Amino acid sequence: MKTKRFLVLLAVMFLLFTGVAAAAADTTGESSGTLMSDDGNYHYYSRMIDVTGSLSDDERATLRDELFDFIDDVKIDLQIYIIGSVEKNGCASIAEFAESNYDDPKYPAGYGADRQALIYVYEKEKDHSEIISFCTADAAPDRFEVMKAKYYADYYIRSGNVYDGCRGLIDRIRHSLNYTHSIRPAIRDMMTASEFVPFHNESVSRLQDYSNLLTASQQEAMEERLQHIRKDYQMDIVVLTGPNSDGKVWEDFADDFYDYVGFGYGDDYDGMILFVDMDPSDRGYTITTYGNRARSLYDDKIEKLYDEMLDSFKEGAYYEGISIYVDFAVRTINRKEPAKSFGGIARADIKDSTDASRVIDEDGLLKDSVRNKLEKQIEKIRKEYKTDVLVLAVRDTGDYYPEDYLKNYFRFNGYGEGSKKSGVGVILVDPDTQKAQAEVVVFGGASGKFNASATERLRSMTQSALGSSHFDSAATKFVNKTQFRLKWGHYPLKTSTTVFIFIVVFLVVSIIAAIKKGANKSISKAVTATEYVVPGSFQISRLDERFINSKVTKTRKPEPSSSRSGGGGGGHYSSSGRSHGGGGGRHF
Amino acid sequence: MSERSFDENGNEILQNDGMQPEQTQFTAGAGTDRDMVNLSYKCPNCTMPLRYDNEMKRFVCEYCDGSFLLEEIKDAANGEEGYNWHEYKEELHEEVLTGTKSYVCKFCGAEIVADAVTSATKCPYCGNVLLVSESLTGMLRPNKLIPFEIDRDRLRELFNAFVKTKNFVPKEFKDNPVFKDIMGVYEPFWLYDSGVDGSVNYTATRVRHWSDASYDYTETKYYEIDVAGQVKYREVPADGSKRLDDNTMDSLEPFDYSKMIDFEPGYLSGYLAERFDVDADANLERTKLRMWNSTEAQFRSQVEGYSSVSHKSSNLRQFDRNVQYALFPIYVFAIEYKDKMYNYAVNGQTGKIVGELPFSKGLYRKWKWLRIGLITAAAYIIGFFLS
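Top to bottom, those sequences are chains A and B. First residue of the first sequence: 77, per this note's numbering; consecutive thereafter. First residue of the second sequence: -19, per this note's numbering; consecutive thereafter.
It is worth saying that the hints were derived from the structure and are not from the lab. If you're wondering where the values come from, they're calculated on a predicted model, not measured in any experiment. Check the hints yourself; a few may be wrong.
To be verified - DEER-style ranges, computed between Cβ atoms: (1) B:V289 - A:N596: 33 to 43 Å; (2) A:K570 - B:E137: 51 to 61 Å; (3) B:N302 - A:K601: 42 to 52 Å; (4) A:R618 - B:W349: 50 to 60 Å; (5) B:W349 - A:S540: 47 to 57 Å; (6) B:V187 - A:T574: 37 to 47 Å; (7) A:P568 - B:G285: 51 to 61 Å; (8) B:R280 - A:K601: 19 to 29 Å; (9) A:N596 - B:W349: 30 to 40 Å.
Stated by the list, open to error - Below 20 Å or equal to it, Euclidean Cα-Cα: the simulated SDA-like pairs (lysine to any residue) are: (10) A:K570 - B:I361; (11) A:K597 - B:I361; (12) A:K443 - A:K597.
No residue lacks a Cβ here, since even glycine has one placed at the ideal position from N, Cα and C.
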């Protein structure tokens, strides 16, 4: 084998010397002849092509040999091209460039009869790379593994360390195909170095669906939406699915992916990434963020978001689950950045609405009788307590969170009593009849009577009455409880709480009564004679302990609950050393 | 049935019902015959019978108002003591008490000894009129006696204090209890001395917990513990009469043994005394069980430092056994309430009262529901303002 390689080297040197190879423009600078390997499965010529001069001779020679070892080991021809650009080679794309080299009659690529091959091409001028696979399906390495190898290699080549980038690429792909081949510690450690320099990678897809959870059309639609959000909201919303988390916890893997691929918008690299891990033993998802803007969005209702996504993921409705995440991002952005207008009403055009209706039901979700009754009741409340009450029943709130919709509706339509525009509003939303939702917002001076817990309680009571779609009950309960609260400063206790109190008191008092009754008993049999012991007569003559046996039982610790801790409050650091937010997640 | 009558102090006067007690020669001081025992003392001044006064702790003469300590009476009787009981089995034997009358209750079978001045009496246990016994002429001489310290007149006060602390007792019962048949009785008790030795076996465990990354571990080590030793008991009492319930007599404990004296018949003056009808052997098992339990508890207290200890077996025996015969002061009486008799026993030394009390369901319900209502309302109001 070594003799053959030596002959190849001689041939290469000869060709270089004679200038024949130069005819193949900048891509053929290191191509050699067509000597065959010992087993006749591939042609001998160097697979390490660097026309940018980034490698020293020794480094190039080492990588060339490593690529031969790779081919012998995993039976796939791996070729690495570090070039200026594909256009300079007369190609329109990396794929075309790879194909032209793959089919070059002078230097045929591929291993064996099926000509298994992988061609990695890095365009230095564009800071862009791709790996083109010419493998049959049964021989191809896992594309998720290839992706990880590629992005790590990209990062190091981009940062000028072409040698380590290439070694990492070879090592990682080889490891994914032959697990007996370990990733060398130097390569592995290289990936957790702290000298990370962030960069923007605008050309990469924001949807990285390596587990094929979406159909082709869904992938296309989702990618289009993510790109649209990136442009419109200056926020990178990324989705990554994969078969594992590379031995890391979800958050760390998601963070590393985000950093090394080059996601993030603007100077702060704002963005968030949803990572869906399809590892059967640890299937779940997490969301992490980068940049303060994204983190503030994330922190808001992340646990609720995780819960909302869970059913879809459990049911395998991945597109819906991912859409909930994307919707969340869009709505939160809308929420954090107050509207300048709403429903065609600009701030400057807000009018007084003293005589306007307080029960808004454009979609006909309430009965007329209920609406009329509530209008009268609200009128009375406004007079007595100087607090406005708004009931808003709608089918859909568009891109707004329901409570944001209510806030905007209340403000832009001039509701509220007094100079502080005090009031309490409820929005009853019926996006579909299974998930009717109630949200309550307190405005102006009314917050003195409705603190956070009181507001949540009012929302909870209203939501409870709403159920799936009982709009009349919910609206009535909201107005009644609001009136009670304004009158008494408290809500009446729940019936269940009252019953609970009664049961507890009944049990406790019954026990005490039974004890008091039992205390009347004055006659009992004497069973001991302790008081007749002669003082000092108690003597112990022997106290022996004899060990019999021992038994050890072990119980497996409970698995971490399906809800991973984390949430939005704290931050964490990726292997690049950058501070990310988020984490936690759900198993499904 | 004869009519009931009361003396000027309100005490019920017991009627003879036509039955004449046996007339017995009453002799002051001790006779020369050691088998003859006088139940009462003569006044050194006027030779009339003396009565022991619980409060004064002296013998008093109601004829010349003299009062005497026992030593003074004995001195007056020329130092002749002669009240010597024979041993029970070895130490005691039955003998005729001079100056006593013995009665037998035809209803409950109680054998009662009273002093000769008692004109007639009722059975303290069943309340029926006692018949004079012609065959029984005396009683067994006890070794010990605890004199009455509680006067009969204080019983109402003690009972009021007793019933005041009890719950759900009908108000009319509390306020106006009608006492019936108050009797002061010297109740026969056996006092057992015994040492207990032997060993007790226990099974014990020590449990240790630790964890690693994946598992929680629990190690349980099992031990057999053997404790041996001894403990001595003195004068464990057991009721020597069938008439009063054993548990009731247990409940009257404790008696203050520091005030227990060697038996002197004169203390029986004015009271009834029952002859034992449960002998010492019959009570042995009951008393032994009390000693066993206490011994095991003492041994168990030495087994410390284990996660759990369970009793496995005991091998105990008694030694140095001895028994004495004693008379303890008991009052018995009954209170009738709504056609039911509620019987009570009183420790004549300490005043401790035991017995069943009537239970008012109305008071019980009222107490319970009033509190349920009030507390529920209070909790609701608190919850309302905290919400």
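Quiz item: Does 37 to 47 Å hold as the CB distance between V187 of chain B and T574 of chain A, or does it fail?
Solution: Cβ of V187 of chain B to Cβ of T574 of chain A: about 44 Å, so the range 37 to 47 Å holds.
Practice problem: Given the hint that K597 of chain A pairs with I361 of chain B, test it: the Cα-Cα distance must not exceed 20 Å. | Solution: violated, 37 Å
Quiz item: Is the straight-line distance between the alpha-carbon of K443 of chain A and that of K597 of chain A 20 Å or less?
Solution: violated, 66 Å
Quiz item: Does 42 to 52 Å hold as the CB distance between N302 of chain B and K601 of chain A, or does it fail?
Solution: Given a distance of about 24 Å, which is not inside 42 to 52 Å, the answer is violated.
Quiz prompt | Hint check for N596 of chain A and V289 of chain B - Cβ pair distance inside 33 to 43 Å | solution = Holds, since V289 of chain B and N596 of chain A (Cβ atoms, about 35 Å apart) stay within the stated range.
Self-check item: Consistency of beta-carbon spacing, G285 of chain B to P568 of chain A, with hint 51 to 61 Å
Solution: About 56 Å separates the Cβ atoms of P568 of chain A and G285 of chain B, which means 51 to 61 Å holds.
Self-check item: Range hint 50 to 60 Å (beta carbons of R618 of chain A and W349 of chain B) holds or violated
Solution: holds, 59 Å
Quiz item: Do the beta carbons of R280 of chain B and K601 of chain A sit within 19 to 29 Å of each other?
Solution: Holds: the Cβ-Cβ distance is about 21 Å, inside 19 to 29 Å.
Practice problem: Evaluate the given range 51 to 61 Å for the C-beta pair formed by K570 of chain A and E137 of chain B. | Solution: holds, 54 Å
Self-check item: Verdict for N596 of chain A, W349 of chain B (Cβ pair) under range 30 to 40 Å
Solution: violated, 19 Å
Self-check item: W349 of chain B paired with S540 of chain A, Cβ distance criterion 47 to 57 Å
Solution: Since W349 of chain B and S540 of chain A have Cβ atoms about 32 Å apart, the given range 47 to 57 Å is violated.
Exercise. Compare the distance between the alpha carbons of K570 of chain A and I361 of chain B with 20 Å, and conclude whether the hinted pair is satisfied.
Key: holds, 12 Å
Violated hints, listed in ascending order, are 3, 5, 9, 11 and 12; each of the other numbered hints is respected by the structure.
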